[in-house]
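Q: Starting from the known structure of chain A, arrange chain B on it as the hints suggest.
In order, the protein sequences belong to chains A and B.
Mind the numbering: the first sequence is residues 6 to 316 in our numbering, read in order.
Mind the numbering: the second sequence is residues 1371 to 1613 in our numbering, read in order.
Keep in mind that the hints were calculated from the coordinates and are not lab data.
Where a beta carbon is used, it is the ideal one built from N, C-alpha and C, also for glycine.
Heads up, some of the hints might be wrong.
Calculated from the model, a selection of chain A residues having no Cβ within reach of chain B, i.e. all distances over 10 Å [stated by the list, open to error]:
hint, residue
1, Ser26
2, Arg107
3, Asn126
4, Ala182
5, Glu284
In silico BS3-like links for lysine-lysine, alpha-carbon gap of 25 Å or less [said to hold, decoys possible]:
hint, chain 1, residue 1, chain 2, residue 2
6, A, Lys222, A, Lys28
7, A, Lys8, A, Lys187
8, A, Lys140, B, Lys1448
9, A, Lys8, B, Lys1611
10, B, Lys1610, B, Lys1448
11, A, Lys187, A, Lys173
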Amino acid sequence: MIKAEGLSKRYGPLTAVDGISFKVEPGEVLGFLGPNGAGKTTTMRMFAGFVPPSAGYAEICGFRVDQHPIEAKTRLGYLPEGAPVYGEMTPWEFLDFCAAVRGFSGSERQERVGAAVERLNLESVRDRRIETLSKGFKRRVGLAQAILHDPPVLILDEPTDGLDPNQKHEVRELIAAMSANKIIVISTHILEEVDAVCNRAIIIAAGRIVADETPEKLIQRSRYHNAVTIRFRDLDDLNAAAEALRALSAVAEVEIDRQGRRLTALPRDQALILSSVDELVNARGWDIEQLQLESGRLDEVFRRITTGEAL
Amino acid sequence: MHKIAVIAGRELRAYFATPVAYVFIAIFLALSGVFTFYIGGFYERGQADLQPFFSFHPWLYLFLVPAISMRLWAEERKSGSIELLMTLPVTLWEAVAGKFLAAWLFTAVAVLLTFPLWITVNYLGDPDNGVIVAAYLGSLLMAGAFLAIGSCISAANRNQVVAFIVTVLICFLFLLSGFPLVLDWFRGLPQGFIDTIAGLSFLTHFTAISKGVIDLRDVVFFLLVIGSWLYATTIVLDMKKAE
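Extracted from the complex, chain A is given alone in its bound form (with noise of 0.2 Å):
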């Protein structure tokens, strides 16, 4: 398990982090979010002992990172934001002095950073400078770098930036498949990687938690959640159509979008409108391409919750 108790960190006036309070268990993916300098970088990194917090503790696997650092750092695998590597170091050289550091040595060694290298797909560039190569494969030297000596606990921050959608696909996968028993915590701002990872999202803002749930119960906080959209195979009145889904007593609003031939009626709280947007389709006789309920939009909580309009 870890843990965050009351964690906060100041700079001079600046609050970065504000007493943000929140346990993990082993099989959750948590899914850090929020908007650029809300205190997710700042969050993990008093995680991984880089820095002390001001108030409060950090907590892995029952040791307190600011008292027991070293213990707590052995069952962290880490991977900084931009993944810094030594850049003067091949893959190899530079997963083996890590290996080395975190006190693994002889075959075990050997293995241990073979086995990584393998995992992340690194066998064609093993052997050359890790400065000449690509982005995505420094960010995946530094993924290798976290998951060598197989620790219970990752602490991932932006593990995609900056990758292809192959390699984003890659790593979701790999952190799919080391979801089981572990506890992974992966910051990001793109927002289909949580609905494709985590099974729990935490939101922050200004330093503060202001969600924590699950990627689906957080998109059911949308107001597009239910909603149903309407295509429309010809150009008709398209002005009259969204006046006769006003009409309609479970809806709160209809949004047009000219160019898609598309209307969007959105549900007065969350109620299920389908089946009486479709008798209305069918009285009309409006000719339809396609009819399409919403689970919601995570774009929108998101914006929503973090510029702290209501929902």
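A: Here is chain B on its own, set in the frame of chain A:
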């Protein structure tokens, strides 16, 4: 101890991964030669010793050692790799000691590569090799003291050029602290205080050792200077590492 060795090993390899190490050694050797033969008058003196060689070491180190030490921490902070190093299970002290040792070993390699001079002087005459060994030892101790100062300054500055200049300045003051240039600043203060300042002079301690007198007090002095500045490095790093 094991972790210190691992960190020192990585660091030392990093020196030789770039041309910087070779350039440094070449310049060090060339300048030692110039100082010894042209300015020190090695042949003209007609004495079989390496006094002209060692007497220029403090001045050579004054500019060359900060060039090594300036990158010790400034580069780690600039590239962000300090976050990686500090989040591995190592203590601050292990990291500081490891990196310092690597720099010290590197300097030792450069200094020991001046061995042809030693051979030359043995070929030409019959020098007191005990004095020469003592002088090499003193020279390395002084280099270590310079490096420890540089390590601390490098930890405090992200900018390597600033680290270089500040280190040169501080080393200069330590070199000459037994001389009027520095002591005049403290005129009027109690004599005991002035004596303490004068006692910090690297030049005095180095000269004593390089004459062949390995006084334990001189050795302990340099080791204490190294230890104190490395300790200061850990404090500075602890305060500034994440900035």
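Q: All the hints need checking, so say for each whether the structure fits it.
A: Hint by hint, here is what the structure shows:
No beta-carbon of chain B comes within 10 Å of the beta-carbon of Ser26(A); the shortest separation is about 22 Å. The Cβ of Arg107(A) does not lie farther than 10 Å from every Cβ of chain B; its closest approach is about 6 Å, which violates its non-interface assignment. Every C-beta of chain B lies more than 10 Å from that of Asn126(A), the closest at about 21 Å, which supports listing it as non-interface. Annotated as non-interface, Ala182(A) keeps its C-beta farther than 10 Å from every C-beta of chain B; the closest such distance is 23 Å.
At roughly 59 Å, the least C-beta separation between Glu284(A) and chain B is larger than 10 Å, which holds for a residue marked as non-interface. Straight-line distance between C-alpha atoms of Lys222(A) and Lys28(A) comes to about 18 Å, which keeps the hinted pair within the 25 Å bound. In summary, the hint linking Lys8(A) to Lys187(A) is supported, as the alpha carbons are separated by about 14 Å, within the 25 Å threshold. Our distance criterion of 25 Å between C-alpha atoms is met by Lys140(A) and Lys1448(B), whose separation comes to about 18 Å.
Among the hinted pairs, Lys8(A) with Lys1611(B) is consistent with the structure: their alpha-carbon atoms are about 24 Å apart, no more than 25 Å. Between the alpha carbons of Lys1610(B) and Lys1448(B) the distance comes to roughly 12 Å, so the proposed pair stays at or under 25 Å and holds. Under the criterion of a C-alpha separation no larger than 25 Å, the hint pairing Lys187(A) with Lys173(A) is consistent with the structure, at around 20 Å.
Hint check: a violation occurs at hint 2 only; the rest are consistent with the structure.
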